[in-house]
Amino acid sequence: MLILSQGAGHIVQCVTGVGGADLEPDVHYVDKTGTGPSSYSYAGVGDPLASITTATTTTLVAGASSTERAIERISLRNNHASVTETVVIQVTDGTHTATLASCSLAPSESLVLDAAGVWTHYDSNMGPYVGVGPIATRAEMEAGTSTTTVVTPGRQHYHPSACKAWGKAVGAGTSLTVNYNITSITDTGTGRLGVTIGTDFSSANYAIDAMVERTVTALTATGVEDQTIRNSSPAAGSFEIESYDQTAITFAAQDPQNYFWACFGDQ
Amino acid sequence: MAEVYIAIERSDGTVAHLAFQTETRAPKKPPGQWMPAANGTWVILPTDDNIAFEVARAAKMWEAEGVSVVGWKRLTNDEHEIFNRHRNHRDALEIRGGAIAHNMEKARELHRHLLRHQRAEKLLVLDGAYNGAVGQKDDVKAAAIEARRQELRDLTDDPRIDAATTIEELVAVGVDEDGEAALEDVRAFVRGL
Chain H
0 MLILSQGAGH IVQCVTGVGG ADLEPDVHYV DKTGTGPSSY SYAGVGDPLA
50 SITTATTTTL VAGASSTERA IERISLRNNH ASVTETVVIQ VTDGTHTATL
100 ASCSLAPSES LVLDAAGVWT HYDSNMGPYV GVGPIATRAE MEAGTSTTTV
150 VTPGRQHYHP SACKAWGKAV GAGTSLTVNY NITSITDTGT GRLGVTIGTD
200 FSSANYAIDA MVERTVTALT ATGVEDQTIR NSSPAAGSFE IESYDQTAIT
250 FAAQDPQNYF WACFGDQ
Chain X
0 MAEVYIAIER SDGTVAHLAF QTETRAPKKP PGQWMPAANG TWVILPTDDN
50 IAFEVARAAK MWEAEGVSVV GWKRLTNDEH EIFNRHRNHR DALEIRGGAI
100 AHNMEKAREL HRHLLRHQRA EKLLVLDGAY NGAVGQKDDV KAAAIEARRQ
150 ELRDLTDDPR IDAATTIEEL VAVGVDEDGE AALEDVRAFV RGL
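Chains H and X supply the protein sequences, listed in that same order.
Residue numbers are given in numbering that gives the first Met the number 0: position 139 of the first sequence equals residue 138, and the series is strictly consecutive.
Residue numbers are given in numbering that gives the first Met the number 0: position 72 of the second sequence equals residue 71, and the series is strictly consecutive.
Each hint should be verified, as a subset may be incorrect.
[To be verified] Listed below are several chain X residues computed to face chain H (Cβ distance under 8 Å; list not exhaustive):
#1 Glu2
#2 Ala15
#3 His79
#4 Arg86
#5 Asp90
[Said to hold, decoys possible] Under the rule of at most 30 Å between Cα atoms (straight-line distance), these lysine-lysine pairs were calculated in the DSS-like manner:
#6 X:Lys28 x H:Lys167
#7 X:Lys72 x X:Lys140
#8 H:Lys167 x X:Lys136
Since the hints were made in silico from the structure, they are not lab data.
Quantities reported herein were computed from a predicted structural model and do not represent experimental measurements.
Glycine included, C-beta positions come from ideal geometry on N, C-alpha and C.
Next up, chain H with everything else stripped away, as it sits in the complex (with noise of 0.2 Å):
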């Protein structure tokens, strides 16, 4: 509950900045007048107000002289379909002004004042919008070791657990399939592709996990493909898989079906 003190003077106000929104505010408050308890007396008043569609100051609850006004809701609802409104929720007593809550409401989205007097941001399915622990830095990412911040998509990439690069190319090494992290693949030559990073590792050591599908599913010494890592091949933001069959007494450079590859490590 919010109290607002005697006096015309004190107001509840709410601001938007962007404007072309569609804001609808609702306010529910009770009235205490009268000079002592064998006096008051109390009467409940909660009104709709006109929608806010500008970038304005808007009065949701002035002040009353002789007036104790307890404020046990506000509720703001942006009901356009595709602007998303600045609100800063202040009061004013005409010369000192504190700031409540502020948010940007996204279409469908409310702001909402409960009678115990917490402000809740709700997403357009009225889900409140949780309040976390600070973000991680990407140092922190890196380090791996906190467990007081929280994660976000753009820097859970930094983990030392997670992939930095992977892929799926065609057997022939000449067209790219699916992929994360990288800027062009090599067909250098029968059984052998070049894959080459966008954002680099930090040096040559870093773990690269590759695999290739078979052409066939026969086992011959002909039809089963193996892979490694070319020999020195392995550069801060390149490499390249070799592909060859198991003939004996020397194997062969093959193609296989598809390459596929994953990389770990620091960048």
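Assemble the complex: chain H is given as a structure, and chain X must be docked to it using the hints.
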């Protein structure tokens, strides 16, 4: 995902095929003139400078072998498809007079290597059968097996290999389309003796 295809002429006389990506998803801007696009992706224009930069990055994986880049060219779709065909003879490709073509001398050697490779398992089967025939003092069986072995040895001397002037003529000489079936043929031959 869009790709631009590049042929890289290497200092060892071979040609590499590079698939230059014009869009990727990366945690931050990759090296080069990448620009941010929607949904966390990056895009790059396939200009000569950008391609040259990527070719230089890719070439680092060849440094340990002492192989460097001599030059590069953009591939047409038809030239790109040349790399996808006749993969057993892909290492005979070169840039000749600005065009992608097979070095037939290299292609013939690759072809002979392929024939030796394909006959290796068959010879193992025949070698075992021959030893068994000799051990059983079955001269007729041994002679038949030896004749089959000689056919396999003679594959690499087929005059059509030297006579081939195109890669299509070359691949028509003695290559097993189905290796397992060809091997089973040899086993069936031995069982039938």
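(request) Provide an ascending list of the numbers of those earlier hints which the structure does not satisfy. (result) 7, 8
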